[in-house]
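J.: Residue numbers (the working numbering), protein chains in the order written: chain U, 1 to 339; chain P, 1001 to 1339.
Careful: at least some of the hints might be erroneous.
Simulated restraints, written as ranges between beta carbons of each label pair [said to hold, decoys possible]:
no.: 1; chain 1: P; residue 1: 1092; chain 2: U; residue 2: 150; range: 51 to 61 Å
no.: 2; chain 1: P; residue 1: 1107; chain 2: U; residue 2: 150; range: 38 to 48 Å
no.: 3; chain 1: P; residue 1: 1180; chain 2: U; residue 2: 92; range: 24 to 34 Å
no.: 4; chain 1: U; residue 1: 137; chain 2: P; residue 2: 1138; range: 53 to 63 Å
no.: 5; chain 1: P; residue 1: 1121; chain 2: U; residue 2: 105; range: 56 to 66 Å
no.: 6; chain 1: P; residue 1: 1190; chain 2: U; residue 2: 312; range: 48 to 58 Å
no.: 7; chain 1: U; residue 1: 144; chain 2: P; residue 2: 1197; range: 45 to 55 Å
Anything over 10 Å on all C-beta distances counts as not near chain P; from chain U, calculated [stated by the list, open to error]:
no.: 8; residue: 103
no.: 9; residue: 106
no.: 10; residue: 117
no.: 11; residue: 121
no.: 12; residue: 131
no.: 13; residue: 156
no.: 14; residue: 180
no.: 15; residue: 250
no.: 16; residue: 324
no.: 17; residue: 327
no.: 18; residue: 331
Hints are computed from structural coordinates only; laboratory data are not their basis. In this text, a Cβ means the ideal position worked out from N, Cα and C, and glycines have one as well.
Number of protein chains: 2
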Amino acid sequence: MATAGKDTTDASGGPGNTATPAIRHSKPPVNHHRAPRAATYSTSILPFERSPNGNILAAFCRAAYWTQGRAVWGALTASGDTKHCYKMDHARRGRAIIINNETFHHDLYLGQRTGTDRDAENMESLLSELGFDITARKNCTAAEMKSMLVEAARESQGDADCFVCVILSHGDDGAVYGTDESVKVEDLVAPIKACKSLAGKPKLFFIQACRGKFVDGGVEVVDSKGKHGQDDEEEMESDEVAVQTIPVEADFLMAYSVAQGYYSWRNREQGSWFVQAVVKVVRDNWRRMDLLTMMTRVSHKVAYDFESNVPSNRFLHMKKQIPCITSMLTKDLYFTPKV
Amino acid sequence: MATAGKDTTDASGGPGNTATPAIRHSKPPVNHHRAPRAATYSTSILPFERSPNGNILAAFCRAAYWTQGRAVWGALTASGDTKHCYKMDHARRGRAIIINNETFHHDLYLGQRTGTDRDAENMESLLSELGFDITARKNCTAAEMKSMLVEAARESQGDADCFVCVILSHGDDGAVYGTDESVKVEDLVAPIKACKSLAGKPKLFFIQACRGKFVDGGVEVVDSKGKHGQDDEEEMESDEVAVQTIPVEADFLMAYSVAQGYYSWRNREQGSWFVQAVVKVVRDNWRRMDLLTMMTRVSHKVAYDFESNVPSNRFLHMKKQIPCITSMLTKDLYFTPKV
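Given the sequences, and given the hints that come with them, work out the whole structure.
T.: Structure below.
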């Protein structure tokens, strides 16, 4: 059942936000969504993320190199030479499903997942920005959840870049909860796995749910940073039932909010730590950074910027969380902007 | 038990090898191991991997930008400003343990793992190139395996960049096999998890072992490439007992040779597909590419370049494999060359 208490987060950014390096502003300004396709490719793929800064010659070369890159990347992509990146210039970005379960049948003894609407809204907004066609449903039964995935797999995906499924719910051993009963994650993934028109394309699952009863007390590290806004106490819950990693095959990414065996934390006002971090990091970086690199930043943000604040319960107070990214991707994934 | 048969691989490179993009040769030549530290940083971190090529102005700018970057990156690193990369300039690279189990007690009914010596030699050579202090042992009992990890955790790691453990064996549900009995992966990881001087540092486990009884029949994809050397038939085995993903915390990377539930393939001459791919991809790219990106290339190589060749057994013939990379890393990991 849900555990209420106090918590501190820096969810909305503020000092210490690490998601937007200064170098971003030194690139020539471009409207990614309105520029012609040859130009938009370069903005998302060119590798400026880790560029040095603060030198005029370097800045000049970056600008010139970038300008060259716009055209060259368009040509490279057209010729299929970007073999280590997924092809992300299909007519459609693809289908994104958001399953947002807040209340459950009383026989299940599962707490209301207050704050999950914030997660759902934020993910819908982000996925919309990325160009997905979104199907969002609230409080689905297990059967309804399964039928949503079956329906998505039946839809023709030939002209789609990829597929996304976001599940916000309680979890259990290898399963997540519908409002009436649990459903195996494997059963949700199966129709997508069998979808021929998604073969070779990235299939991404983001799962916000607990995966066990352990809480992570954390260890002190040399480069650990202070948590921000510690005076801003709020109520906190955890999605406390376990879900396990499932077998998946090539081109699947399973992004779990937490390591197997552990509590996953959710703030009643701001939503879960994991979804807060995903939305912030991906929104700030998707035009120029690949998905796995962004997910490492998400893990960093959750691990370093969040800590539970439940002073009434010593067992749950000042605990940490680390997401768990299981990748079977075979190429880098850049969400190339759609024209 | 082991399953013998025929197989085809392109393990030693040849046509279709995708690990060394042409752009690599357009960079100014540098001896990474002998150049001063400020220079060596830039070669591993500068983001040229996905650079366009074939244009004189672009090439000039790349060269100039790169030259600038050498000094700038040295300064940035010295000031600790590379906050999204693990600090990899400690005095030592760190300890790497290789556990290579080939033969097992007859009561276990586990086949001899022919070809595993090739894996062990290749990994030892690679890790030595990366600068690790290596402890390699063959045919360890479960107790010996545990004591190796305990010993490594007792060793002072304060001046080390990271820790690596390579396990080559049969696997079982959540466990791998010593020569006498199985040992939980969790029990092997526990002492490393508790090692204070490794907190905040990357802890990498590479596990070559089966994780189930399923074989992956594969699906056809548009950009699938032909397999090379299909006439070069060889004997093939699989490490057919299952091992599960275990709970891990921040800064762990668990690189499994195969998805949970599936066979993991090993060639009797060339070693396992997974270790072959790890050695090839990391050797070709570690000076300039981060670990997660390299592991995606490893997955690509295993998924696209290998296929089992066991014509005597239809169930095992022409099967595929996809590695499973579970990351709790919080930063990008570049194996910055040691001076």
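J.: Please go over all the hints and tell whether each is borne out by the structure.
T.: Status of each hint after checking the structure:
Checked against the hint of 51 to 61 Å, the C-beta distance between residue 1092 of chain P and residue 150 of chain U comes to roughly 53 Å, which is consistent with it. A hinted range of 38 to 48 Å holds for the C-beta pair residue 1107 of chain P and residue 150 of chain U, which are about 47 Å apart. The supplied range of 24 to 34 Å is broken by residue 1180 of chain P and residue 92 of chain U, whose beta-carbon atoms lie about 56 Å from each other. Checked against the given bound of 53 to 63 Å, the beta carbons of residue 137 of chain U and residue 1138 of chain P, roughly 55 Å apart, stay inside it.
Between residue 1121 of chain P and residue 105 of chain U the Cβ separation comes to about 58 Å, which falls inside the hinted range of 56 to 66 Å. For the pair residue 1190 of chain P and residue 312 of chain U, the beta carbons lie near 31 Å from each other, so the given range of 48 to 58 Å is not met. With their beta carbons about 50 Å apart, residue 144 of chain U and residue 1197 of chain P fall inside the hinted range of 45 to 55 Å. Every Cβ of chain P is farther than 10 Å from the Cβ of residue 103 of chain U; the closest lies at roughly 29 Å, confirming the non-interface assignment.
Remark: the non-interface label on residue 106 of chain U is consistent with the geometry, its nearest Cβ contact in chain P lying 31 Å away (cut-off 10 Å). The Cβ of residue 117 of chain U sits about 28 Å from the closest Cβ of chain P, beyond the 10 Å cut-off, so the non-interface label holds. For residue 121 of chain U, the non-interface assignment is confirmed: its Cβ lies about 27 Å from the closest Cβ of chain P, beyond the 10 Å cut-off. Here residue 131 of chain U stays apart from chain P, with its beta-carbon at least about 21 Å from theirs, past the 10 Å limit.
With 10 Å as the threshold on Cβ separation, the claim that residue 156 of chain U sits away from chain P holds: the shortest Cβ distance comes to roughly 15 Å. Interface exclusion of residue 180 of chain U from chain P stands, the closest Cβ pair being 28 Å apart, more than 10 Å. The beta carbon of residue 250 of chain U is not kept farther than 10 Å from every beta carbon of chain P, the shortest such distance being approximately 4 Å. With a minimum CB-CB distance of about 6 Å to chain P, residue 324 of chain U fails to clear the 10 Å threshold, and the non-interface call is violated.
The claim that residue 327 of chain U is not at the interface with chain P is violated, since a C-beta of that chain comes within 10 Å of its own (minimum 5 Å). Residue 331 of chain U, annotated as away from the interface, has a beta carbon of chain P within 10 Å; the closest lies near 6 Å.
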